[in-house]
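Sequences listed follow chains A and B, in order. Residue numbers for the first sequence follow my numbering, so the first one is 1 and each next one is one higher. Residue numbers for the second sequence follow my numbering, so the first one is 1 and each next one is one higher.
Keep in mind that the hints are not guaranteed to be accurate.
[As the list claims (entries may be wrong)] Taking lysine-lysine pairs in the DSBU-like style, the calculated list, with each CA pair at most 30 Å apart, reads:
no., chain 1, residue 1, chain 2, residue 2
1, B, K171, B, K54
2, B, K171, B, K78
3, A, K127, A, K266
4, A, K266, A, K53
5, B, K171, B, K24
6, A, K223, B, K78
7, B, K54, A, K127
8, B, K171, A, K127
9, B, K24, A, K223
10, B, K54, B, K24
11, B, K78, B, K54
12, A, K223, B, K54
[Stated by the list, open to error] The following label-pair restraints were derived from C-beta to C-beta distances:
no., chain 1, residue 1, chain 2, residue 2, range
13, A, V293, B, K78, 47 to 53 Å
14, B, T185, A, I2, 18 to 24 Å
15, A, R7, B, V255, 36 to 42 Å
I should point out that these hints are in silico values taken from the structure, not numbers from a laboratory. Beta carbons are placed, not taken as given, at the ideal position from N, Cα and C, and that holds for glycine.
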Amino acid sequence: MIRAATRIAGMILTLVVSSFVIFAAMYAAPGDPVTFLIGNPENMTPERVAEVKAQYNLDQPLIVQYGLWASQAFMGNFGTSFQYHQPVAELMATRLPATLALVAMASVLFIVAGVGLGILSALRQGKRTDSTITAATTLAASVPSFVIGLLLVSIFSVQLGWFPVSGAGEGFLDRLHHLALPAVALAVGAVAIVSRVTRQSMVEQLSMDHVEAARSFGLAPAKLIRRHVLRNAWGPILTMVALVVASMLAGTVVVESVFGISGVGKLLVDAINTHDFPVVQAVLLYMVITYMVVTTLVDLVHPLLDPRIKAKDKKS
Amino acid sequence: MLLDIDNLSLTITTNGISHQILDKVSLSVDAGEVVGLVGESGSGKSTTARAVLKLYPETAAVGGSITVGGTEVLSASKDELHRVRSSEAALIHQDPRAALNPVRRIGDSLTERLVHVLGVSRADAAAAGLELLAAVGIRQPEERMRQYPHELSGGMLQRVVIAAALTGQPKLLLADEATSALDVTTQAEVLAILRDLQEQRGLGVLLITHDLHLAAAYCDRVYVMYRGQIVEELRGNDLFHGAQHEYTRRLLSAVPAIGHLPKTESRAS
Ligand SMILES: Nc1ncnc2c1ncn2[C@@H]1O[C@H](COP(=O)(O)OP(=O)(O)O)[C@@H](O)[C@H]1O
Ligand SMILES: [Mg+2]
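With the rest of the complex left out, here is chain A (with noise of 0.2 Å):
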C-alpha cells in the first residue's frame, strides 16, 4: 500500500518536473514564436503582436503560463498548434497510430529474433553458433538505421518492388505490408541487445544448483530449458526489452523520415522546425509518460515472473 502510494507521488513529481523542463526549455529555445506566429513581416505592428501574445498567453510570467497550459494539458487540451491551426491533441491522434503500430511490430521482430538467438546463443556457449551470432548481431547493430532503411527500400521496394516505398497504409494488412521494412529497420539495431541479454541471463541459470538437479532426475533437456533456464531468465530480459521499447517510441524519427511515415517523430522534427511550441511541448510529454507507462507496466509485471520480488516488497 505504502510502495504503491510513494510510487504514485514519485510519478506524479516525475511528470511536474518534466512538464515544467519541456515548457520552460520552448523559452531557452532560439527563435521568437510571435514572429512565427505573424507569419507575414508586415503585418508586425505593436498592435497585432499585443494581440497575439494575448491570444497565446506569452504575455503573461512564464509560471503563469506553465500553469494554465499544464491545467489545460491535464484536461487533455494541448492547445493549438501554430502552423496547423488544429487542436494538438487532435494533430497527435492522427499521427500515433502510424508510429504504435511501427513500434509494435519492431517489438515483435526484435523481441522474436533477439531472444531466439540469445537462447541459441547460449545453449551453443562457446561454440561457433554462439560467436556467429555475437558477431553478426553486433555488427547489424553498428549500422545506423537510415542506412539499414535505405537499403531495404533499394532493394525490396524499389528493385523487386514487394513492398510500398513510403506511406504507413491503411487497414490491418496494408499496414502491415507498409511498415514491414520500416519494422525491419528499426528492429535490427535491438537485436543485438535482447540477445545478449538473454544469452547472459539464460548462461547464469545454466550454472544453478536446480538445473542439474533437474538433470539428474533425467528431465528431458527441452524440459530443463524451458522450465529450469528460461523460465528463470526471464527478469533480466523483460527489463531490457521494456527500456528498449521505451526509447523506440521515442526514436522512430528517423525511420519515419527515410520511410515517409506521417508518425508522431516526423510530427516532432517538423514542429521543432517551424517553432510550433505546443505541439513539441506535447510530443515530448508523451515520450516521457510512454517512458513511465512501460516502466510501471515492467515492475508490475516482475513480481509475477519472482516470488522472490513480491516478499522483498512486502518486507521493505
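Put chain B with the ligands on the given structure of chain A with help from the hints.
Quick look at chain B with the ligands alone, frame taken from chain A:
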C-alpha cells in the same frame, strides 16, 4: 551390489590444462547399507557421486566403470541412463535452497520427476507428493505444496528435497553433504528421518560428509578420500580408532571431539 564403482578415473581439461580429479576410485554400496564418503573439501567426493548419474562435463575423460543395479552407467544407452536417473538412483544436493527452483511452488518441484519425467498424472503425483511430505515429517503438507522455497526454512526445504528424491522410488540415494547446511538440531532431525526412510525402504545410501563424527555414528562403512583417491576403507565404528592411513589420522586429529550427533541406534553387528 547396488552400486559398484570400479577404478573410476576422471580428468577434466580446462584451457589446455588437465586436472585428474579422480584416480582409480573403487567403492561399493549394497542394498540397505549406509556407506560414508569422507575427505576434505576438493578431494573429489561430489565428482564421484555425480559421476554415478553421469553428470560430468562432456569434455571430461572418464575411465573405469560404474554399475547401478546391474546397469553400467558410463556406457549406458540413453534409455538406460534415463531409467537410472529417474528411478534407480537419486542425488540429494548439499544446499536445498539452491536445489529447488526459486520461482516454482514446492508442490511443482516435488512432483516434477513424477509428472515431467515418469509421466504420472498430476493428481496421482500430488497424492504421492503429499504422502512423502508427511513421511519426512512435514505438517500441513497441502499448504506447503502451494508455497515457494523462500517461504520455508532450510530444514523444511531439506526435507522437501529428500521427499523429492524419493518420488521415483529409487533404490540408491546419493546424499552429497545433504545436511551440512543445517543447524545442529535440524540436522539431527533430518538425519533421523533419513535413517527411518532408509530402513523402511531398504535403501542403499552413499552419505558424503566432511563431518567425521557423523560418518562414524551413521555409516556401516566409511571410505576416506584424499586428492581423488580412496586411501582407506573402515567400518564406521572403527573410524576413530582403526585408521591406518596417515591422511585419515590427520583428518581425525583436526576434528574437535564434540558429541552433537543424533541418537541413532548402534549399527554394530
Ligand atoms: N567441472 C569442473 N571443472 C574443473 N574442475 C572441477 C570441476 N568439477 C570439479 N572440479 C575440481 O575437482 C576437485 C574435486 O571437486 P569436488 O568433487 O567438488 O570435491 P569435494 O566434493 O570433495 O569437495 C576440485 O579441485 C574441483 O575444483
Ligand atoms: Mg562437494
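Handout entry: Given pair status - K24 of chain B, K171 of chain B, alpha carbons within 30 Å
Key = Answer holds: K171 of chain B to K24 of chain B is near 25 Å, not above 30 Å.
Problem - Hint check for K78 of chain B and V293 of chain A - Cβ pair distance inside 47 to 53 Å - result: Given about 49 Å between the Cβ atoms, the range holds.
Handout entry: 30 Å limit on alpha-carbon distance, applied to hinted pair K266 of chain A and K53 of chain A
Key = Holds, at about 28 Å.
Exercise for the section: Quickly compare the C-alpha distance for K54 of chain B and K127 of chain A to 30 Å and report which way the hint goes. Expected result: With a Cα-Cα distance of about 22 Å, the restraint between K54 of chain B and K127 of chain A holds, given a limit of 30 Å.
Problem - Hinted pair K223 of chain A and K78 of chain B, Cα distance within 30 Å - result: holds (16 Å)
Exercise for the section: Given the range 36 to 42 Å, decide if the beta-carbon distance of R7 of chain A to V255 of chain B lies inside it. Expected result: violated (54 Å)
Practice task
Compare the distance between the alpha carbons of K171 of chain B and K54 of chain B with 30 Å, and conclude whether the hinted pair is satisfied.
Solution key: Roughly 17 Å separates the two Cα atoms, so the pair holds.
Handout entry: Satisfaction of hint between K127 of chain A and K171 of chain B, Cα-Cα up to 30 Å
Key = Measuring from Cα to Cα gives roughly 38 Å; hence the hint is violated.
Problem - Straight-line alpha-carbon gap K54 of chain B to K24 of chain B, limit 30 Å - result: This hinted pair holds, its Cα atoms lying about 16 Å apart.
Handout entry: Given hint K54 of chain B paired with K78 of chain B - CA-CA distance at most 30 Å
Key = It holds: about 11 Å lies between the C-alpha atoms, which stays within 30 Å.
Handout entry: I2 of chain A and T185 of chain B - C-beta distance against the hinted 18 to 24 Å
Key = violated (37 Å)
Practice task
Below or equal to 30 Å on CA atoms is what counts here, so check K127 of chain A against K266 of chain A.
Solution key: violated (43 Å)
Consistency note: the structure conflicts with the earlier hints numbered 3, 8, 9, 14 and 15.
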